[in-house]
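Given the coordinates of chain A, assemble chain B onto it according to the supplied hints.
The primary structure of each chain is shown beneath.
Number of protein chains: 2
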Amino acid sequence: MKKVVLVAIGDEILSGLRSEGNCSWLAALFHNAGWQVKAIEVVPDDLYIIQETFTRWVGKVDHVITSGGLGPTHDDKTRDAVAAFLGCRLKIAEDAYSRIVDRYSESLKEIIKGSMTKQALIPEKAEPVHNSEGSALGIRFRVSDTSFWVFPGVPSEYKAMAEREFLSSVIDVNCWRSVWITGWAESLLKDRLGSVFEDPVLHVSVLPSVNLVQVVLRGDPDITHEAEEQVRRDLPEDCLPEGVSTLEEAVLEELRNKKITAGCAESCTGGMISSSLTDIAGASEFFMGGVVCYSNQSKVNLLGVDFKVIEKYGAVSFQCAEMMAKGAAKVLSSDLALSVTGIAGPGGGTKEKPVGTVWYSLCSGDSVESQHFHFDGTRAHIRARARAKGLELMWRYLKGYKNGH
Amino acid sequence: MKKVVLVAIGDEILSGLRSEGNCSWLAALFHNAGWQVKAIEVVPDDLYIIQETFTRWVGKVDHVITSGGLGPTHDDKTRDAVAAFLGCRLKIAEDAYSRIVDRYSESLKEIIKGSMTKQALIPEKAEPVHNSEGSALGIRFRVSDTSFWVFPGVPSEYKAMAEREFLSSVIDVNCWRSVWITGWAESLLKDRLGSVFEDPVLHVSVLPSVNLVQVVLRGDPDITHEAEEQVRRDLPEDCLPEGVSTLEEAVLEELRNKKITAGCAESCTGGMISSSLTDIAGASEFFMGGVVCYSNQSKVNLLGVDFKVIEKYGAVSFQCAEMMAKGAAKVLSSDLALSVTGIAGPGGGTKEKPVGTVWYSLCSGDSVESQHFHFDGTRAHIRARARAKGLELMWRYLKGYKNGH
Numbered sequence: 001m002k003k004v005v006l007v008a009i010g011d012e013i014l015s016g017l018r019s020e021g022n023c024s025w026l027a028a029l030f031h032n033a034g035w036q037v038k039a040i041e042v043v044p045d046d047l048y049i050i051q052e053t054f055t056r057w058v059g060k061v062d063h064v065i066t067s068g069g070l071g072p073t074h075d076d077k078t079r080d081a082v083a084a085f086l087g088c089r090l091k092i093a094e095d096a097y098s099r100i101v102d103r104y105s106e107s108l109k110e111i112i113k114g115s116m117t118k119q120a121l122i123p124e125k126a127e128p129v130h131n132s133e134g135s136a137l138g139i140r141f142r143v144s145d146t147s148f149w150v151f152p153g154v155p156s157e158y159k160a161m162a163e164r165e166f167l168s169s170v171i172d173v174n175c176w177r178s179v180w181i182t183g184w185a186e187s188l189l190k191d192r193l194g195s196v197f198e199d200p201v202l203h204v205s206v207l208p209s210v211n212l213v214q215v216v217l218r219g220d221p222d223i224t225h226e227a228e229e230q231v232r233r234d235l236p237e238d239c240l241p242e243g244v245s246t247l248e249e250a251v252l253e254e255l256r257n258k259k260i261t262a263g264c265a266e267s268c269t270g271g272m273i274s275s276s277l278t279d280i281a282g283a284s285e286f287f288m289g290g291v292v293c294y295s296n297q298s299k300v301n302l303l304g305v306d307f308k309v310i311e312k313y314g315a316v317s318f319q320c321a322e323m324m325a326k327g328a329a330k331v332l333s334s335d336l337a338l339s340v341t342g343i344a345g346p347g348g349g350t351k352e353k354p355v356g357t358v359w360y361s362l363c364s365g366d367s368v369e370s371q372h373f374h375f376d377g378t379r380a381h382i383r384a385r386a387r388a389k390g391l392e393l394m395w396r397y398l399k400g401y402k403n404g405h
Numbered sequence: 406m407k408k409v410v411l412v413a414i415g416d417e418i419l420s421g422l423r424s425e426g427n428c429s430w431l432a433a434l435f436h437n438a439g440w441q442v443k444a445i446e447v448v449p450d451d452l453y454i455i456q457e458t459f460t461r462w463v464g465k466v467d468h469v470i471t472s473g474g475l476g477p478t479h480d481d482k483t484r485d486a487v488a489a490f491l492g493c494r495l496k497i498a499e500d501a502y503s504r505i506v507d508r509y510s511e512s513l514k515e516i517i518k519g520s521m522t523k524q525a526l527i528p529e530k531a532e533p534v535h536n537s538e539g540s541a542l543g544i545r546f547r548v549s550d551t552s553f554w555v556f557p558g559v560p561s562e563y564k565a566m567a568e569r570e571f572l573s574s575v576i577d578v579n580c581w582r583s584v585w586i587t588g589w590a591e592s593l594l595k596d597r598l599g600s601v602f603e604d605p606v607l608h609v610s611v612l613p614s615v616n617l618v619q620v621v622l623r624g625d626p627d628i629t630h631e632a633e634e635q636v637r638r639d640l641p642e643d644c645l646p647e648g649v650s651t652l653e654e655a656v657l658e659e660l661r662n663k664k665i666t667a668g669c670a671e672s673c674t675g676g677m678i679s680s681s682l683t684d685i686a687g688a689s690e691f692f693m694g695g696v697v698c699y700s701n702q703s704k705v706n707l708l709g710v711d712f713k714v715i716e717k718y719g720a721v722s723f724q725c726a727e728m729m730a731k732g733a734a735k736v737l738s739s740d741l742a743l744s745v746t747g748i749a750g751p752g753g754g755t756k757e758k759p760v761g762t763v764w765y766s767l768c769s770g771d772s773v774e775s776q777h778f779h780f781d782g783t784r785a786h787i788r789a790r791a792r793a794k795g796l797e798l799m800w801r802y803l804k805g806y807k808n809g810h
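Residue numbers (the working numbering), protein chains in the order written: chain A, 1 to 405; chain B, 406 to 810.
It is possible that some hints are incorrect.
Listed below are several chain B residues computed to face chain A (Cβ distance under 7 Å; list not exhaustive) [stated by the list, open to error]:
#	residue
1	417
2	433
3	442
4	608
5	707
6	772
Keep in mind the hints are simulated off the structure, nothing from the lab.
In this text the structure is predicted, and so the values were computed from the model without any measurement.
Just so you know, even glycine gets a beta-carbon here, dropped at the ideal spot from N, CA and C.
So here's chain A without its partners, still in its complex pose (with noise of 0.2 Å):
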């Protein structure tokens, strides 16, 4: 197995101004390649410390990927470094700049001329890299079985030499595969399925989301996707369908499957559902619409709620709730429609209905279905697992799927 180390070179990184996106975005490709990712470090713009972190990985890995630095202002240190590193001095590499300065308009080759003395510039021990892309060469040397490749911080031009220079040679996307369950918890979901998990000659990575659970399977295709068939056997209702990575999706997909339209009305998730259903291009289709009745007075006029029902019973309530989503059938003209109302906190408990309790109903037709749950945390973590238990209730409504764990 192969062995990297990516680098990324920025104070800008460090202080948190940019975040970095060049190294795993190369970490995901040399991984789905069967590759190991050593690390991912970010260091300073600083002539010790980069040199210092060559030192370190030396021997140690096949190759050493390095990422910005390479610009023409003053604190760019990642080509010193470099020559510091190797001891020698710097060379202006005419042919190889010449290829970059071919690109450009007449008039910017004099501009670009201009920061030629910085950007052309390449340790005397080191080769150049070609930039399809922009104005700085890359610089690659070999030090003691390892590769070194110093390539510019801009996303196009990183990407573009990690690509012509790495992907063509190492990717292999049939090793690895995901899976994504809902309505488990992380711990629970791994007992349940020990057996994957105790498999010697298969990787499993498991990423917990809001009541999403990713299984990633890794290791030889057939392996892979043997385990994956077990998976989705061992757990019929509750793995999502291949290739759909998110509970709105499944859900959209799910409508239109069966062409059937869906709507929702609101009250503690404040028209969160509404807006992941239409994150997806194309929900129109089957997604007419939502209603946000955070107050009484709006589950009253929009969705037709009987203010004596939320006297009696209060807004959350399975009496309201079934209100609330026939009034949202009728109102969005669909098929089926959701509600959801709870409460949020972090006030408005009480001892009967604490912060967390949630009521949700389906209506489709003349039929209504109720239930209700608990959720812990805060008020953005209470709305986040309502938000994603509503579209789990809906998805397995739509599928005819048991409720979850």
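Relative to the frame of chain A, chain B by itself:
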């Protein structure tokens, strides 16, 4: 200047399955507080490499803060690595863990306790750190003047721990001030505020997000205070009020100040504006609710938009936007109503109304004001900008401020 190193632990980041966000978030905070972030490192879930990383930074920085690897599954190796690094055993920190378990309902307590064998374990020579958001304990210890803080990787848990442990005590919040400015592009804003950026005793950072630029001023308290005053004088109608860092907070604060109720009708933003406003606890007092009228039918049914208007001018027109805003004010019984209708793409654009065209109307009593914008980018980008611009327009309307730049 205090020195800090941020380490993310996790195979899923190195393999590009998940992007790193905790360390970059904390890096920005430390940077703004005048601390030096020496490196951000991403290392695998590997006993040896985690120990080697600790060893490498001992005595060289004041704090090492790690993220991840404290979960209950087999690939979480961080606590074992800490124990090995300190040369001690793991013990169950019952007292600290009971505070976590107490937060859960009786039925969940049993499940949580089941995973206690792992998530409650702390190396004997270390101290537990309370987790207010999740079920794993954090760990802290000190070796040769370097403090180590080992936090979970779940962002809400990591952030809550970091805020509690650092932001109040360690960071001197008096030496930096932030102003949030809406309606400006980063580059234009820098030109406009030139003199502030040129002040040699002031450190200025600019952190742009969607339709909001955070200007961070660092230095002597008197100087930063004076600089903040100057920014607010220079841009009297673009700075959010002191202590307010989001557009939705600014809108709600102004609704509360003026005792005005509001509602909205969203087409292309699909509920994003409603869900932003209801993110804030207590929103129900002044935010009546919203209508997500994604389909034309729902615009007619819910808001009383004349179908002939849609046929003649299209749903993305000021005529439709006005009827949407008027209808929303009526059905929501709100003093003010905002409507948004646009083309988020990727399909649906025409030569006259290209993808990214968005119309807004604000209706208050008999008055209706409309304007349109054009946003570039992907569907997600256009929707995000349409959301933020809508909130900006609502805020400016309430404040009586002119439109932005």
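Hints versus structure:
1. Evaluation of the residue 417 of chain B hint against chain A yields a held restraint, the C-beta minimum of about 5 Å falling below 7 Å.
2. For the restraint placing residue 433 of chain B at the interface with chain A, the shortest Cβ-Cβ distance is roughly 3 Å, inside the 7 Å limit, so the hint holds.
3. Because the beta carbon of residue 442 of chain B sits about 4 Å from the nearest beta carbon in chain A, less than 7 Å, this interface hint is met.
4. The beta carbon of residue 608 of chain B comes no nearer than 10 Å to any beta carbon in chain A, farther than 7 Å, and the hint placing it at the interface is violated.
5. Interface restraint check for residue 707 of chain B: the shortest CB-CB distance to chain A comes to about 6 Å, inside 7 Å, so the restraint holds.
6. Contact between residue 772 of chain B and chain A, as hinted, is not supported at the beta carbon level, the nearest pair being about 22 Å apart and thus beyond 7 Å.
Comparing the model with each earlier hint shows violations of hints 4, 6; every other hint is respected.
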